[in-house]
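Work out the full structure: start from the sequences and follow the hints.
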Amino acid sequence: MQRLAGLESYEGGRQVVIIHEAHTMQLAAANSLLKILEEPPADLVFILTAQNGDSLLPTILSRCTWVKVNGQEAEQEAASVMADLAAGLFSDLNKMPDSKVLLFADQVREDRSGVEAFLQQLLVLLRDGAVCHWVPQAAVLCCSKPQYLPFSGRECLLAAGWVEEAMTQLKANVNSRLLLDVLLLKLAALARKDRH
1 MQRLAGLESY EGGRQVVIIH EAHTMQLAAA NSLLKILEEP PADLVFILTA QNGDSLLPTI
61 LSRCTWVKVN GQEAEQEAAS VMADLAAGLF SDLNKMPDSK VLLFADQVRE DRSGVEAFLQ
121 QLLVLLRDGA VCHWVPQAAV LCCSKPQYLP FSGRECLLAA GWVEEAMTQL KANVNSRLLL
181 DVLLLKLAAL ARKDRH
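Just so you know, we're using the working numbering here: the sequence shown kicks off at 1 and counts up by one.
Everything labelled a hint here was simulated from the structure, so no lab data went into it.
Source: prediction; values computed, not measured.
Just so it is clear, CB atoms sit at the ideal spot from N, CA and C, and this is done for glycine as well.
Hints may be right or wrong, so weigh each one.
[As the list claims (entries may be wrong)] Computed Cβ-Cβ distance ranges for the label pairs, DEER-style:
#, residue 1, residue 2, range
1, Q107, E165, 21 to 31 Å
2, D54, A172, 35 to 45 Å
3, K95, N52, 44 to 54 Å
[Stated by the list, open to error] Cross-link-like lysine to any residue pairs, in silico, SDA-like; alpha carbons within 25 Å at most:
#, residue 1, residue 2
4, K35, I18
5, K186, S176
6, K186, T168
7, K193, K35
8, K171, K186
9, K35, E21
10, K186, N175
11, K186, A172
12, K95, A189
13, K193, D106
14, K186, K35
15, K100, Q169
16, K171, V108
17, K100, S152
Right, dumping it as C-alpha cells:
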C-alpha cells in the first residue's frame with residue numbers, strides 16, 4: 001500500500017484508493033494504512049467503506065471525514081428510479097421504433113443489479129396492470145403506475161411471464177445485454193400489436 005501511495009497519477013492529478021470493507025482489515029494492514037494517513041501525499045485520496053466504523057482503529061477514525069450512507073434509503077431510491085423508468089418505457093412503448101427501444105435497454109443495463117431491479121419493477125407494473133384491468137376499483141391499491149400500460153389484462157399476464165422468465169435467466173448468468181434487448185423488443189411488438 002505504501003508503494004502504491006508513492007506512484008504518480010496517470011491523469012487528473014489525483015489518485016483515489018478505495019478500501020472496501022475497511023472494518024475487516026487486520027491490525028498489520030490498519031497500521032500500514034495509518035502510516036500513510038499520518039503524512040499523506042497531497043494528491044492521494046483514500047475512501048474507506050465500512051459497515052461499522054467503530055471496528056476501525058481510533059487513530060484512523062480521527063483522520064477521516066465521515067459520510068454515513070443508509071443502504072435501505074439508497075435501495076428505495078434506486079427502486080423508485082427503476083419504477084419511473086419502467087413507467088416511462090410503457091408510456092411510449094407502442095410508438096417507439098426498435099432502435100429507440102434498444103437505446104432504452106442500454107440506459108437500464110449499466111450494471112447487472114440495475115437490470116434485476118428494472119425487471120422487478122416491470123413485473124410489479126404488469127401485475128398491477130392486470131389486476132386494475134379486471135378490477136378497476138383496485139387501482140387505488142396499486143403502488144405502481146399501471147395507467148401507462150398499453151396492454152390488456154391478458155397481455156399484461158403474458159408480458160409478466162416473459163419478465164419472470166428473463167429474471168430466471170438473469171440468475172442463470174445469461175448475457176444481460178441480449179436478455180434485455182430481446183425482452184424489450186418483445187414487449188414493444190406486443191404494444192404495437194395492441195394499437196393496430
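- Query: Regarding the pair K186 and A172, is the alpha-carbon distance no greater than 25 Å?
  - Reply: Given that 25 Å is the threshold and the Cα spacing comes to 20 Å, the pair holds.
- Is it true that the CA of K171 sits at most 25 Å from the CA of V108? With Cα atoms ~17 Å apart, K171 and V108 stay inside 25 Å; holds.
- Query: Under the criterion that the straight-line Cα-Cα distance not exceed 25 Å, is the pair K193, D106 satisfied?
  - Reply: holds (24 Å)
- Within 25 Å, alpha carbon to alpha carbon, are K100 and S152? holds (23 Å)
- Task: Compare the distance between the alpha carbons of K171 and K186 with 25 Å, and conclude whether the hinted pair is satisfied.
- Result: holds (20 Å)
- Query: Within 25 Å, alpha carbon to alpha carbon, are K186 and N175?
  - Reply: Answer holds: K186 to N175 is near 17 Å, not above 25 Å.
- Message: Holds or violated: K100 and Q169, Cα atoms, limit 25 Å.
- Response: Given that 25 Å is the threshold and the Cα spacing comes to 24 Å, the pair holds.
- For the pair supplied as a hint, K186 and S176, is the alpha-carbon distance within the 25 Å limit? holds (15 Å)
- Query: Taken at face value, is the distance from the CA of E21 to the CA of K35 at most 25 Å?
  - Reply: holds (19 Å)
- Starting from K35, check that the Cα of I18 is at most 25 Å away, please. Distance of about 17 Å is within 25 Å: holds.
- Query: CA of K193 to CA of K35, is that 25 Å or under?
  - Reply: violated (66 Å)
- Query: So the hint says 35 to 45 Å: do the beta-carbon atoms of D54 and A172 match that?
  - Reply: Check passed, 40 Å falls within 35 to 45 Å.
Against the hints set out earlier in the document, violations occur for numbers 7, 14.
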